[in-house]
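Student: Spelled out from the first residue to the last, the chains are:
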Amino acid sequence: MTKDTIEIANNVLLPEVVRLLEEGHTVTLPLRGYSMRPFLEDNRDKALLIKPETVKAGDAVLAEITPGRYVLHRIVSIKVQEVTLRGDGNIATEHCRLSDVRATVIGFYRKGSQQLDSTDGMKWRLYSWWWTRLLPLRRFLLFALYPHVPKRFLKK
Amino acid sequence: MKVKKGFRLRTICGENVIVAEGLENIDFSKIISLNESAAYLWRKAEELPTFTADDLKGWLLDEYEVDEATAQADAQTVATQWLEAGITEP
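As you go down the protein sequences, you meet chains A and B in turn. Each residue of the first sequence is one higher than the last, beginning at 1 in our numbering. Each residue of the second sequence is one higher than the last, beginning at 157 in our numbering.
None of these hints come from the bench; they were simulated from the model. Be aware that one or more of the hints could be misleading.
Claimed, not checked - Calculated pairs, DSS-like style, for lysine-lysine (alpha carbon to alpha carbon, straight line, at most 25 Å):
#1 B/LYS186 x A/LYS111
#2 B/LYS158 x B/LYS200
#3 A/LYS51 x B/LYS186
Said to hold, decoys possible - Okay, the calculated bits of chain A under chain B, using three or more residues with CB under 8 Å as the criterion:
#4 28–34
#5 79–88
Owing to the predicted nature of the structure, the values given are computational and were not obtained by experimental measurement. In this text, a Cβ means the ideal position worked out from N, Cα and C, and glycines have one as well.
This is chain B alone, in the form it adopts within the complex (with noise of 0.2 Å):
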């Protein structure tokens, strides 16, 4: 999968945010804000052409001190919400 292009990471009130670019709307009654790791995996991400959830793990496993099992399931999860919250495409 890919990081949508024009979506961007930024902190707004102390928060990491993910918003559009450009002329776009910002709706602060439905805003995409990720935690310290999830923005870790965010800024990852869109450094590469694509990514896969196992380069979400292997992120993981590098920054954080978990298991591979509990990566494997995070790094899924994440991946799963992402593309649902429609930040990132197939």
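Pulled out of the complex, with its shape left as it was, chain A reads as follows (with noise of 0.2 Å):
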């Protein structure tokens, strides 16, 4: 028994946490990628996941857009069905049903904190409630926050 870290690829893991929230269990999962900035960093944060039951627009939702790849994001709206993603770090939604969304965010675990920080917290309302409007400016935001050469501007 060693204090090691292993790395589980997505595809095989969160089948894997999908199942254990079926169970009945909540699940604490390391965060990775930079799509929930700038509440949420790559290799920092953690979210505690419980399986879902309503889910409305503003959750921030474990899904599998497409078989095999799956998302942490926020839900920007749901119609009938259909739902539609967006990662608060992202200018680009993604698409789903509703039957795809697997699993809630109850909250957050930040900065190595033991504290959670709940999804119906004053913070993290606080919060969702000034980025999710400031949607227009994002793109000058994170820019901002984040100073990087675009993409587009990198030399293939």
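Two chains, two separate frames, one set of hints: put the complex together.
Tutor: In structure tokens, the structure reads:
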């Protein structure tokens, strides 16, 4: 028994996570990627997940957008069975069916804290309120927060 | 010592992992994974109401070609680690 890090591919790990959720467990999942910036950071933060019951626009969810491909993004809208998602750090959207929503986020552990930032809590709700309303400015805000050369300007 | 109630060995993503049964949280950021021989010892240990480091040593000698001193040392290490991880209790 060692205190090592095991990296498991998403398409292997996440079906297992979904199975555990269906058994009634909650799951704490370390997060990878930059698509939920600025609140969540790659390799730093964790999400506490539960089996989804009723989901609504504004919720952060784990969704299987194509078979084997999962995202943890925010729901922009639900029209009948059609769900539109967008990562907080993204401009583009994804789409899936309501039945492809595999988990709801109940909260996040950020910056190594043991204290859960609940998605019912003031911090997440205030952040969500502002950040989703700032969508028209998002491109500029993200660039100001994370200066980088956009991919389209990089030589192939 | 004895295996803590509710802790169960299962295979997750090909790893032998100890998880708590019931409605408990499974934390993928600090999962307790056992290698092949530790998993073997766990399966033996959970069949008994209590066990000792000597039992672990005996099971290692039954299954693996190791000398007694090595088995003794490994058994002691495993017993200590399980206690530290909170999956067994004195």
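Student: A separate judgement is required for each hint: does it hold in the structure or not?
Tutor: Structure-based check of each hint:
no., hint, in the structure
1, B/LYS186 x A/LYS111, "holds, 16 Å"
2, B/LYS158 x B/LYS200, "holds, 11 Å"
3, A/LYS51 x B/LYS186, "holds, 21 Å"
4, 28–34, "holds (count 3)"
5, 79–88, "violated (count 0)"
Against the hints set out earlier in the document, a violation occurs for number 5 only.
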